[in-house]
Every structure is written in structure tokens, then in C-alpha cells.
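Trainee: Turn these sequences into a full structure, and let the hints guide you.
Protein chains: 2
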Amino acid sequence: MQKEILIVDDHVVVSSGVSIILGQKFKGFNIYTTENYNQTLKTLKSKKIDLIILDINIPGGKNTDMIHELKSIQPDIKILIFSVYNEETHACPYIVAGANGYLNKLSTKKEITKAVDTILKTGSYLTPTILQSLIDNSTNKESANPLDKLSMRQKEITELLIQGDGNIEIANKLSIQLTTVSTHKNKIFNKLKIKNIVELISLLNKPPGLNF
Amino acid sequence: MQKEILIVDDHVVVSSGVSIILGQKFKGFNIYTTENYNQTLKTLKSKKIDLIILDINIPGGKNTDMIHELKSIQPDIKILIFSVYNEETHACPYIVAGANGYLNKLSTKKEITKAVDTILKTGSYLTPTILQSLIDNSTNKESANPLDKLSMRQKEITELLIQGDGNIEIANKLSIQLTTVSTHKNKIFNKLKIKNIVELISLLNKPPGLNF
DNA sequence: ATTTTGTTTAGTATAAATTCTAAATATTGT
DNA sequence: ACAATATTTAGAATTTATACTAAACAAAAT
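First to last, the sequence lines map onto chains A and B.
Last residue of the first sequence: 236 in my numbering, with the numbers rising by one and none dropped.
Last residue of the second sequence: 236 in my numbering, with the numbers rising by one and none dropped.
By construction, these hints were calculated from the structure, which means they are not laboratory data.
All values reported here derive from a predicted model rather than from experimental measurement.
No false leads were mixed into what you were given.
A pair holds if it fits inside one copy or across any two, identical chains being indistinguishable in the list.
Straight line, CA to CA, 25 Å or less: simulated SDA-like cross-link-like pairs of lysine to any residue:
{"#": "1", "residue 1": "209", "residue 2": "221"}
{"#": "2", "residue 1": "211", "residue 2": "178"}
{"#": "3", "residue 1": "217", "residue 2": "175"}
{"#": "4", "residue 1": "215", "residue 2": "188"}
{"#": "5", "residue 1": "134", "residue 2": "62"}
{"#": "6", "residue 1": "133", "residue 2": "65"}
{"#": "7", "residue 1": "134", "residue 2": "63"}
{"#": "8", "residue 1": "134", "residue 2": "55"}
{"#": "9", "residue 1": "71", "residue 2": "60"}
Mentor: Structure below.
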């Protein structure tokens with residue numbers, strides 16, 4: 025089965041790694057690589073691609089907007105998002121935007137080849153976790169994304185907390201009492217089952233600049 | 025020139041990627057891979073290796089202590105540290121411990137092959153940045169690594185802070201008074217020119233769990 | 001319609017963290 | 001060797017954050 029695969033990642037180590045893993049498993053495939061968004065658009069306009077393995081943090085990239093743009097060039101293309109962010113907190117928006125699967129960069133060789141195989145055969149690859157997140161989102165049930173459990177106000181305060189604001193700053197910015205901020209904080213920490221801001225930061229898994 | 029290379033990384037994508045990049049450039053090399061510390065020790069005991077490309081966050085690993093242990097098995101082995109942490113903040117301790125080079129995982133193909141080539145030919149590979157850090161360290165000039173400015177005790181407290189410990193926990197663990205902890209914290213924050221723990225975390229660029 | 005549950009708000013009392021000051025000890029400079 | 005500087009420690013006073021309680025209101029459930 026001859027397939028055309030495009031790997032989009034700005035880190036050679038990653039694109040080379042995926043390339044060799046797929047090359048070993050799927051002998052007949054043609055594997056191409058691009059390392060930024062413009063190159064990717066150009067390639068898609070000149071060559072029919074079956075599957076694109078897409079890093080979501082490439083130079084020039086626009087997150088979920090990329091999905092629509094890529095599919096408008098080749099409507100039948102399958103898109104497998106390939107990212108270091110954990111799927112619980114980051115997969116859903118891309119799936120909702122039209123991506124056909126989400127795969128973590130830390131996956132094993134078996135998981136990677138399985139994802140590619142599945143997506144080419146069935147048209148999509150969703151782990152049970154992501155599937156559950158999607159169901160949870162649509163049914164408004166308990167979501168795997170911790171932030172979804174919070175109310176608007178609680179999200180607002182969470183945002184300020186991870187920016188490093190103290191209770192006083194938050195109280196001033198939102199024009200509420202200090203104790204009110206503390207109460208919110210308490211509710212947020214209880215919901216997320218955490219004890220302090222350090223845990224909040226690692227839960228939200230904010231990329232600290234220099235990661236994949 | 026026939027050389028034996030061992031790539032140590034617990035992520036297939038990374039080890040495969042480095043493997044193919046080196047395989048393309050250096051045709052005659054034998055390239056092996058291991059994915060945890062025990063495997064690595066076993067391999068070194070049974071096979072002569074010229075260069076080990078070492079991820080510092082492998083399962084069972086012990087940071088700088090690994091360097092001594094690996095070199096005690098094969099004293100002539102060259103060790104190239106391969107990490108996602110930026111070299112300014114993380115390279116020096118490994119070089120001081122005896123590693124022969126430090127390479128960022130986000131490097132280009134050219135940088136990777138250059139590092140391997142250089143380390144095999146000259147015995148070490150140090151970027152100008154790392155060299156400067158080492159010089160700064162030895163001359164007690166302003167160091168690029170913020171942690172180097174701190175005393176041992178201050179580093180100890182910093183470590184506990186980014187683990188999420190509060191002042192009381194720290195005071196108990198170190199058997200000092202609460203106010204003493206506060207004083208240390210104040211000194212640390214002043215030295216690092218930061219205002220709170222959120223900034224401390226982003227400064228130290230600690231990986232939030234699921235990163236390479 | 002009305003109970004139930006969750007959100008947003010705050011006051012009082014308490015706990016935790018910081019500031020300021022300062023002493024003993026270590027380290028470095030000349 | 002002695003001065004200058006940095007580290008580690010802590011008490012007293014103060015500031016900041018939390019726990020507990022609770023009211024007003026909104027949304028959801030039965």
C-alpha cells in the first residue's frame with residue numbers, strides 16, 4: 025500500500041526519528057518533511073499527501089486555524105497532531121477543529137506506528153482518553169481537562185494566579201475583597217485537587233519556553 | 025574511521041532521530057541505543073564504546089553522578105550530554121562532573137553532527153556559551169546560570185520551594201525558624217531579581233512533568 | 001413550583017509569610 | 001593578619017493569606 029506522508033516539525037531530531045520509525049514499519053511509503061508552516065502550505069499545493077503528521081508549535085503556525093487551512097487545500101488529507109502537550113489538556117480543540125488524531129511525542133514506537141496505521145485505515149486515531157474528553161465536553165459531564173471544571177470567574181482568577189499575581193493584586197484587579205480571592209482560590213484548589221500554585225502550574229502544563 | 029556510539033534516551037523518537045542523523049553522516053559507525061540507566065551500565069560493561077550520547081532524564085538516572093559511574097567503567101569514553109534544558113542553566117554541572125560536551129535536543133542536524141565529529145576528533149565539544157559560563161564560574165564573574173549566584177543553603181531552599189513546599193514545611197525539614205526561611209527566600213528572590221515562586225519556576229525552566 | 005446545588009461575594013478570627021533588625025559565623029580580599 | 005563582605009540564623013512587628021461561616025443569587029433537578 026503506497027502512501028504519501030508529510031512530517032511537519034521544526035526539530036530535526038523529531039522529524040528524523042518519526043521518519044525512520046515509519047520507514048521501518050511501512051516499506052512502501054514516501055515520507056516528506058517540512059519544518060515551517062509556509063513550506064507545508066507550498067508542499068500541499070504541489071503534491072497529493074495522504075497523511076500529515078503535524079507539530080502544533082512550528083514557526084509561522086496558527087494552532088487550530090492551521091487545520092482548516094490545510095484541509096481547504098486538500099480536503100481528503102488526514103491530520104495527525106503530534107505534540108508534547110498531554111492529550112487531556114490539549115487534544116480536544118484540535119480534534120474539534122477537524123484533526124483526525126492526536127499523538128504524544130513521548131509515545132513508544134508501537135504507539136506511533138499504530139496511530140499512523142489506524143488513521144490511514146479507518147480515517148481517525150483517537151485514544152480512549154481523548155474520546156472520553158470529547159464525550160465529556162459534549163455532554164458537559166466531568167471533563168478530563170481540569171480547567172473545564174472551573175467557572176468563568178474561577179478561570180479568571182486561575183489565569184492571574186499563574187501570572188504570579190498575589191491575592192492583593194487580584195483583589196484590586198477584580199475589585200473584590202481579599203477574603204473573596206482566598207475563597208475562590210480555595211474552591212479552585214479543591215476542584216483541581218491541588219495544594220498550591222506550584223502544583224497549579226505543573227497541572228496546567230504551561231510550556232516553559234524551551235521545550236518541544 | 026570506525027567508531028562505536030551509544031545513544032541513551034528513553035524516547036524512541038529522539039533516539040531514532042539521532043541514530044538516523046548520525047548514520048547518514050558517519051557511514052562506518054556502529055550505533056547502539058539503550059533507554060534506561062541499568063541497560064546503559066550493562067552495555068558499557070560488555071562492549072567498548074567511543075562516545076555516549078546521554079539524555080540526563082532517563083529512568084533510573086542520577087544526574088551528574090552518572091558521569092562518574094560511566095567513566096569508572098570505561099575511563100576513555102566520551103560523554104555528550106543531550107538535553108532539552110538550555111545550556112546556560114544546565115550544562116556547567118555536567119561539564120564540571122566530567123562530561124565532554126553538552127548539546128541541546130533542539131539543535132539542527134548540522135550542530136548535532138558537528139558536535140559528534142568535534143568530540144571524537146578533539147575529545148570535547150563546548151559551545152561558546154558554555155565555555156563562557158565555565159569561565160564566568162571560575163572567575164566568579166556574573167554567571168549566566170542564575171542558580172550559580174546562590175549559596176548551598178539558598179539552593180537547598182530553592183529546591184524545596186519549586187517542589188511546592190511552604191515556609192512551615194521548609195522550616196521543619198531544615199530545622200530552622202519560620203522567619204529564617206522567609207529571610208532566605210527574600211535573599212534568593214533579590215539575587216535572582218524575581219518577585220514570587222511563579223517567576224522562580226519559569227526562571228529555572230523546570231520541566232512540567234511530561235516534557236522530553 | 002420548589003428544593004437542591006453551585007457561584008460569587010464577604011466578615012471575623014486565625015494562620016502563615018514578610019519586613020526589619022541584628023547577631024554569630026564563614027568566606028574572601030589585600 | 002585584619003578588614004570587608006556574605007551567609008546563616010532568628011525575634012518582634014506587621015502584612016498577607018487562609019479557614020470558617022454565611023448571605024444573596026443563579027442554575028439545575030425533581
